[in-house]
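Chemist: Position chain B with the ligands relative to chain A; hints supplied.
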Amino acid sequence: MNNAPTQITLEEWDERYEQLRRAGLREPGYGGPLGRHVGDGDRRLLKLRYDNSVASLRLWNFLLTEEDRLHNARAEGKRIVGTMKDLGTVPVMAYSLDNVVAFYPDGAWWIPCVMELSAGLLETADSLGIDESFCPVRAMLGAFVTGAHFPIPDQLVCSVGATCDDFSAIAQRLNGLGYPILWWEIPHRRHPEPNEAAVRLPGGFCAPKRQVEFVKSELERVRAALEGLAGQRLDDKKLSAGIQKANEVRSYLAELRQVTFTAKVCPLPALEMLIAEMLAIHFCSDREETISVLKELIDEVKTRVQAGRGVLGADAARIFWVNPVADLQVMNLLEDCGGRICGTEYLFSHALDTIPEDLPPAEALARMALADPMVGSSVDRAERICADIRRFGSEAVLISRIPGASHCALEGEVIAEVVQSRLKVPVLEIEVPPVTDSIRPTLGTRLEALIETVKERRKR
Amino acid sequence: MKTIIYTCPYVPAEWIAAHGLRPSRIMPGAAGSTSPVGRTEGVCPYIRGFVNEVIRNTQASGVVVTTVCDQMRRAFDIIMRRCELPAFLMNVPSTWQSVAAHKLYLDELRRLGEFLVRLGGKSPSSRALAKVMLEYDTARTSVLTTRGYLTSSQYSELIAEFNRDGKSGITTTINEKKPFTGGIPLAIIGGPLLREDFGIFDVVENSGGCIVLDATETGERGMCAHFDLRRLRDEPLIELSNAYFGSIPDAFRRPNNQLYNWLKRELACREVRGIIFWRYIWCDIWHAELHRLKQWANLPVLDVDVSGDEQALTVRTIQRIHAFLEVLQ
Ligand code: SF4
Ligand code: SF4
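Just so you know, the protein sequences line up as chains A and B, in that order.
Everything in the first sequence is counted per this note's numbering, starting at 1 for the first residue and increasing by one.
Everything in the second sequence is counted per this note's numbering, starting at 1001 for the first residue and increasing by one.
It cannot be assumed that every hint is accurate.
Claimed, not checked - One side of the interface only, derived from the structure: several residues of chain A facing chain B at Cβ under 10 Å:
hint, residue
1, Leu46
2, Val54
3, Gly120
4, Thr124
5, Ile130
6, Phe167
7, Asn175
8, Phe214
9, Ser406
10, Leu410
11, Glu413
Hints are computed from structural coordinates only; laboratory data are not their basis.
The beta carbon of each residue, even a glycine, is placed where N, CA and C say it ideally should be.
Same shape as in the complex, but just chain A (with noise of 0.2 Å):
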């Protein structure tokens, strides 16, 4: 069996796992083979080449049996949260509690690329009024109303405020049709006034202390929420031992991207580093599981370090990547094309960012909720972005906009302005939708020119 690093489709990959069982693969309950996956309808993932390792495999068919998990969390009698918006912040207090699981139903802007639009997710909401010129959460109100994607929440739980007009047009729709929300507000992230207290975030920003105040008693609600829902108190002990195994993960993710990205030959592919970012934010309902599937990428990709071996060439541009895709072939296509990530600001660093452990634990959550890079100034994320690409020695920047986002309207041209002028590195803004075959070709030319671009200016 070869086992040299590389990037392998579906097919091969069931042909492998069926070589690696025969060889003694010891996996998890949620273990098989991924092939069996596109049985439930998700037909892109015959269109993706993926990690061949097995600690890519645990990772896949980790994210795609979450469904079963959070129905089983139902059969054991466990709560669950329907949390919205915040990325990161709620599902660390929900977790906290023994008998409660939060994921994301803003996940199923996955979906329509997932299952190549066959879902028909899009279609129920553009029959409630949602239509494509909403993001592609949308298909988020089509999973509700269908209840094919996820169990239904016992409790929806939605931050508003400074966020994107297209989830809170979309949680109202929600809201509208029956569905009961706990609204919480996130204000939009403010530079302290002159002699005003400050207070600095996780992530390097720095807010008003009084928003710092705001936003804590906002989550108080939360917890009052949560504690009413799982019939249980959530004291500081209880959600600082939460903020503690968030932290393990958060500090595990750090490992990783810091190891990935700065390598010298790329040793994980782009997708499966981008799920991997993704698991930080809830944990992908087990925040234990998350914990040992890090484990063993991060022993993998040390493995592949030390040995000098990766999946790209060692010439392949660092690509700082802004906004996540809407569809995962685009991470494939950005390799074929002669680029690795090296950075990412997927909309979430804030979940990536250590929670402080030496605060009231309250107030540790409030600050990481402001350190949120959608909720402060689109400046302020660039010079977010600026910070993380001096860290990873990024070579440019693309800028991915998701169709219909009403912050991808404005944000691309000011990310863009300050990342140019302050690094001069080139900045490239493409859009991409949830299914891009038809704009493979036009895509592809583009990426090629900016990478084209990057090995030129190494040449100066």
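Modeler: Below, chain B with the ligands without anything else, positioned relative to chain A:
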């Protein structure tokens, strides 16, 4: 007197005026192809118009932008980068049912006050604020009492004039006027109108209708509540906050049932027979309400999506309004 421009109904003119500055709630025109906002796709035409207006404005001493929608919040970034005008971004919470949200709004008013002082304003005493509030309240009431005595376009223009010029602009009286009647009673519901959009009132009237409820942001819906005189005397700033933050219904609030409660009352008391739903393309906040409104209102709803081109009322829109009214005859 220094002028402070803004467009959001949640910015209280009284607060700016009490600081000795001139508040002007501007009504932008369509930006057309000349907007400093590079992109057109995905950007609300109203935002493009607003940014354009702010950047080209040579009279103002400051601009106040609010966080009522994501695009407006981000428009602030563009304004900060494209012009020198001192700018203030005011957090207007989306939630409104908690004490904390009201307190946040109040804090933001105080912070706005500091900004106004930096621009040369003077922090008002409670008594001075109450006096200004009373003057505005009187002027606002006089505007509102003209309803029914003016054509719908005159009435909405009067509101716009009041917003733009404050109390000093109100000279109209209704003494010699007779109630204005006739036409199928319609409501116009939606976000703000651009200058060019005002032709809608005449188009409706020329087609046999009459807009009896201007529930756009630039119309009656975007006006604050009448002040309670006792509270105005005792705690003017809190009363100001109640009348604005506590009372103006809007689609962006979470939850936004306050808007529907307000509409229910106003549609019924004005015996509205049809609704023109006025929305800008790329405005998610209002767009998402369309379907719900159709199901909720039990009235015919005409969806007018506006691209914000200089030619606001296209032949197609005019024909659709005409057909809508024909059906309602
Ligand atoms: S608009 Fe952006 S932030 Fe909002 S749901 Fe869509 S992708 Fe997420
Ligand atoms: S019309 Fe909609 S997008 Fe435009 S400023 Fe108003 S709420 Fe924002």
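Chemist: Determine for every hint whether it applies to the structure shown.
Modeler: Now the hints, each set against the structure:
1. Hint status for Leu46 of chain A relative to chain B: violated, with the closest Cβ pair at about 32 Å, above 10 Å.
2. The beta carbon of Val54 of chain A is not positioned within 10 Å of any beta carbon in chain B (closest approach about 42 Å), and the interface hint is therefore violated.
3. For Gly120 of chain A, the interface hint is violated, the least distance from its beta-carbon to any beta-carbon of chain B being 18 Å, above 10 Å.
4. Because the beta carbon of Thr124 of chain A sits about 12 Å from the nearest beta carbon in chain B, more than 10 Å, this interface hint is broken.
5. Interface hint status for Ile130 of chain A: upheld, as the beta-carbon distance to the closest one in chain B is roughly 6 Å, under 10 Å.
6. Checking Phe167 of chain A against chain B: minimum C-beta separation of about 9 Å stays under 10 Å; hint holds.
7. The criterion of a C-beta within 10 Å of any C-beta in chain B is met by Asn175 of chain A, whose closest approach is roughly 6 Å, and the hint holds.
8. For Phe214 of chain A, the interface hint holds, since its Cβ comes within 10 Å of a Cβ in chain B; the closest pair sits about 6 Å apart.
9. Contact between Ser406 of chain A and chain B, as hinted, is supported at the beta carbon level, the nearest pair being about 4 Å apart and thus within 10 Å.
10. About 4 Å separates the beta-carbon of Leu410 of chain A from the nearest beta-carbon of chain B, less than 10 Å, and the hint is met.
11. At about 5 Å, the closest approach between the beta carbon of Glu413 of chain A and any beta carbon in chain B falls short of 10 Å, and the interface hint on this residue holds.
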